[in-house]
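> The hints should help you fit chain C onto chain U, whose structure is shown.
If you read the protein sequences in the order shown, they are chains U and C.
Okay, so the first sequence: first residue is 1 according to the numbering used here, each after it adds one.
Okay, so the second sequence: first residue is 1 according to the numbering used here, each after it adds one.
Not one of these hints is a red herring.
Label pairs and their calculated CB-CB ranges:
no., chain 1, residue 1, chain 2, residue 2, range
1, U, T324, C, L328, 47 to 53 Å
2, U, D320, C, L200, 47 to 53 Å
3, U, R310, C, S338, 32 to 38 Å
4, C, E223, U, A380, 24 to 30 Å
5, U, A380, C, E44, 49 to 55 Å
6, U, R315, C, Y208, 40 to 46 Å
Anything over 12 Å on all C-beta distances counts as not near chain U; from chain C, calculated:
no., residue
7, F32
8, T38
9, P45
10, I79
11, G167
12, L186
13, P189
14, C237
Read the hints as simulated data drawn from the structure, not as lab findings.
All C-beta atoms in this analysis are idealised placements derived from N, C-alpha and C, irrespective of residue type, glycine included.
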Amino acid sequence: MLLRMTGIAKSFPGVRALDSVDFEVGEAEIHAFIGENGAGKSTLLKILSGALAPDGGAIHFGGKDVVFASPKDAQASGIVTIYQEFSLAPDMTVAENVFIGREPGSKLFVSRSRLEAQTLALARRIGLERSPRALVRDLSVAEQQLVEIARALSMKSRLIVMDEPTSALSRTEIEKLFAIIRSLKRDGITTIFVTHRLEEVFEICDRYTVLRDGKHVGHGTVAQASLDGIIRLMVGRELGLLTRREGTYATGEVALAAVGISRRRKSSDASAIELHGVSLAVHKGEILGIAGLVGAGRTETARAIMGADRVDSGRILVDDKPVTISSPRDAIRHGIGLVPEDRKQQALFLELAVRTNLSIASHDRISTLGIFISGSKEDALVEEYRKLLNIRMSSGDQIVGNLSGGNQQKVVLARWLALRPKVLIVDEPTRGIDVGAKVEVHNLLFQMAASGIAIIVVSSELPEILALSDRIVMMREGRVSGEISRVDATQERLMTLMTLGSRRAD
Amino acid sequence: MTEAVAKEAVPGDPDKGFDGFSFLARFAPLIFLLLLMTVFAVLEPRFVSSINLFNVMRQVSITGLLAIGMTFVILTAGIDLSVGSLLAFAGLVAAAVAKGGMQDRFTVGDAAIGYGWPLALLAAIGVGVAGGYLQGLAITKLRVPPFVVTLGGMSAFRGAALLFAAGGPISGFQPDFSWWGQGRILTVPVPVIIFLVAALAAHVVLRYMRYGRRVYAVGGNREAARLAGLNVNGIICSVYVIMGLFVGLGAFVLAARLNSAEAVAGTGYELTVIASVVIGGTSLFGGAGSIFGTVIGTILIGVLLNGLVLMNVSSYVQQIIIGVIIVLAVAFDTFAKSRRRKA
Numbered sequence: 001m002l003l004r005m006t007g008i009a010k011s012f013p014g015v016r017a018l019d020s021v022d023f024e025v026g027e028a029e030i031h032a033f034i035g036e037n038g039a040g041k042s043t044l045l046k047i048l049s050g051a052l053a054p055d056g057g058a059i060h061f062g063g064k065d066v067v068f069a070s071p072k073d074a075q076a077s078g079i080v081t082i083y084q085e086f087s088l089a090p091d092m093t094v095a096e097n098v099f100i101g102r103e104p105g106s107k108l109f110v111s112r113s114r115l116e117a118q119t120l121a122l123a124r125r126i127g128l129e130r131s132p133r134a135l136v137r138d139l140s141v142a143e144q145q146l147v148e149i150a151r152a153l154s155m156k157s158r159l160i161v162m163d164e165p166t167s168a169l170s171r172t173e174i175e176k177l178f179a180i181i182r183s184l185k186r187d188g189i190t191t192i193f194v195t196h197r198l199e200e201v202f203e204i205c206d207r208y209t210v211l212r213d214g215k216h217v218g219h220g221t222v223a224q225a226s227l228d229g230i231i232r233l234m235v236g237r238e239l240g241l242l243t244r245r246e247g248t249y250a251t252g253e254v255a256l257a258a259v260g261i262s263r264r265r266k267s268s269d270a271s272a273i274e275l276h277g278v279s280l281a282v283h284k285g286e287i288l289g290i291a292g293l294v295g296a297g298r299t300e301t302a303r304a305i306m307g308a309d310r311v312d313s314g315r316i317l318v319d320d321k322p323v324t325i326s327s328p329r330d331a332i333r334h335g336i337g338l339v340p341e342d343r344k345q346q347a348l349f350l351e352l353a354v355r356t357n358l359s360i361a362s363h364d365r366i367s368t369l370g371i372f373i374s375g376s377k378e379d380a381l382v383e384e385y386r387k388l389l390n391i392r393m394s395s396g397d398q399i400v401g402n403l404s405g406g407n408q409q410k411v412v413l414a415r416w417l418a419l420r421p422k423v424l425i426v427d428e429p430t431r432g433i434d435v436g437a438k439v440e441v442h443n444l445l446f447q448m449a450a451s452g453i454a455i456i457v458v459s460s461e462l463p464e465i466l467a468l469s470d471r472i473v474m475m476r477e478g479r480v481s482g483e484i485s486r487v488d489a490t491q492e493r494l495m496t497l498m499t500l501g502s503r504r505a506d
Numbered sequence: 001m002t003e004a005v006a007k008e009a010v011p012g013d014p015d016k017g018f019d020g021f022s023f024l025a026r027f028a029p030l031i032f033l034l035l036l037m038t039v040f041a042v043l044e045p046r047f048v049s050s051i052n053l054f055n056v057m058r059q060v061s062i063t064g065l066l067a068i069g070m071t072f073v074i075l076t077a078g079i080d081l082s083v084g085s086l087l088a089f090a091g092l093v094a095a096a097v098a099k100g101g102m103q104d105r106f107t108v109g110d111a112a113i114g115y116g117w118p119l120a121l122l123a124a125i126g127v128g129v130a131g132g133y134l135q136g137l138a139i140t141k142l143r144v145p146p147f148v149v150t151l152g153g154m155s156a157f158r159g160a161a162l163l164f165a166a167g168g169p170i171s172g173f174q175p176d177f178s179w180w181g182q183g184r185i186l187t188v189p190v191p192v193i194i195f196l197v198a199a200l201a202a203h204v205v206l207r208y209m210r211y212g213r214r215v216y217a218v219g220g221n222r223e224a225a226r227l228a229g230l231n232v233n234g235i236i237c238s239v240y241v242i243m244g245l246f247v248g249l250g251a252f253v254l255a256a257r258l259n260s261a262e263a264v265a266g267t268g269y270e271l272t273v274i275a276s277v278v279i280g281g282t283s284l285f286g287g288a289g290s291i292f293g294t295v296i297g298t299i300l301i302g303v304l305l306n307g308l309v310l311m312n313v314s315s316y317v318q319q320i321i322i323g324v325i326i327v328l329a330v331a332f333d334t335f336a337k338s339r340r341r342k343a
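For reference, chain U alone in the conformation it holds in the complex (with noise of 0.2 Å):
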């Protein structure tokens, strides 16, 4: 074995993102590293790269027992992570960016005609046909994540882990990588291949590891296994407390329709999630789940429907009446809001007072003469919500940073409640929320169902599209990929639809 993780465990607070997980790895190998979202697939190579120190656990790499104390060291032993986000310097050459902070040269000088030298030799190898000299800004995604390979080549590096190297990549980019990896393997060299695309795991792993909520769950050499098997083994999370809408929900009007809604990636943001013609609809009183892995483009589109980011094409239809969204207050003043996806960046101003949060949006409900804040309206509208959400605080003049995550969730949700809104968007409603909230989330949206809205609810946890669904849209690599009513969807079905598409086309 070229490396082998024993013990290894790791705790944040509320967390245990790794339970005592074992992960073996041999030389020359292609392995691949799988499990769904959250599982602790990043956890664990955070560990592996020195970028993260375990709480527990011992690492044996390369015939001998080390601890990183950070990915320099991880480096020194031949270890490389290629991270989804290139860590490359755009304005920089293709040899500067390989040699960074090792360039060859004296101590005070750097040698050019040795840096780049060294580099046209490396791209040779790996197929990059690009000028040293040229500017990482003007490659492609496939290009900069050959000069990615190139850094770890000059390393020397032993182990090069790939994290979803493929997600941004066509077909003809995805085959001439694979060939690298086949060659780097007949040069000795082992590559951990993490991926969503369980079809990939087939076409070029040997063996695999499947992690779920944190434990080692099973592994294996690729030729034996199924792929149900592996999907079993994948899903499976227990519900835990949470329970599903009571009822059978009765369709109702069209509350939003979004039609071919797309977005394409722009040179100056190359890791940038496309959307490719997604349409949904939702209807009055009914909950949406959009599922998918990440990087599937769910938060992509919550986001286009309420005019956060620009779309390149799509339209959208509130009460079955095309609207124009270009921006959030457009689709406010349509009856759209959205609790975003990152509570603390996106949705809270954490140095302010709960009131000053809650009743951001609503203005309009609280003031005297237009222009000023009626203090004694305002405090009647937090008290309203505080008594319907159950928030817990000391008073609407706390600050919201203060609260706890479930609380804070719940003033957003009484945020964007106090607009009366006809369509909700609720982007990973429970993220980073202890189980009691979570229940208590969750009674809230389907109350909040119940007295007509339409909610979408966007979640990477499978047992909570789940729990909340009455039907269930599928998305894969910006498309729908599928639809599935509640009474037909269980955790394997779903995580099929999910990592299953149909091939992407050239």
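Just chain C now, with coordinates in the frame of chain U:
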């Protein structure tokens, strides 16, 4: 990920009791001001005379007016370096209006022909607002950072002032103009009254008006403000217009006090003004601060300079002290912020 450690606040429960640090952080400027005044009073008895205290207040009233406008700007995490230059330009235009043109500008005392102070005031505010609006547009439409836009403005408005003045001051206004800078109401200098009334008005806007809430929101979290449906660019542009309004008002009062306007007026004011706001506890990162703090910060700087003058400390040393205090005030703000984050 802090949820699990964050304590649940229980309704009716006093918030974790008395937090000495946050109390200190909130009232630090006021405590520091009182401390400073005590020290000066002990070292130099002349300091506490009512004449001297009114003097201090009158001296700070111009920079105080600018600091009120600057509070709006800094609350949105912006900055305006052009205030001194724009002040000079607006003052010259107001003076020219008051004198009815440029031909009689050196005839001190004989100022019969002219358009009177109301039009002069309007002209000063007009120039200030126009200058602020231009800069606000450049910041929001051209997406140039405020620091750069107003650094450009600092140079451009000074140039405009020099061009307009063509080398000399414009002096000698009618008594009803000069009254706005030199007059008194019941022994209180008029500029001091203007400063305090303006501060009260700004306080009401920021605390009790919808607009004020939005200024805090945009400074507190721009992306959240946008997703909550606020017109973020409009609000950012507007704070530079408000800044311009206070520059115009300040220019008018300064010209009245000196009975003259000149192109080099207000040089270096940006530093004093920004220092007043920051020392008053308004965060350069936006979203936190108050007019009350700015008033205290303004007086604090005035007291400091006045006390140092009375104690015969050279003006060069004063500059060093002001510079050090700005850095310390921001360091304190950063420290307080990181403490709040951890709490």
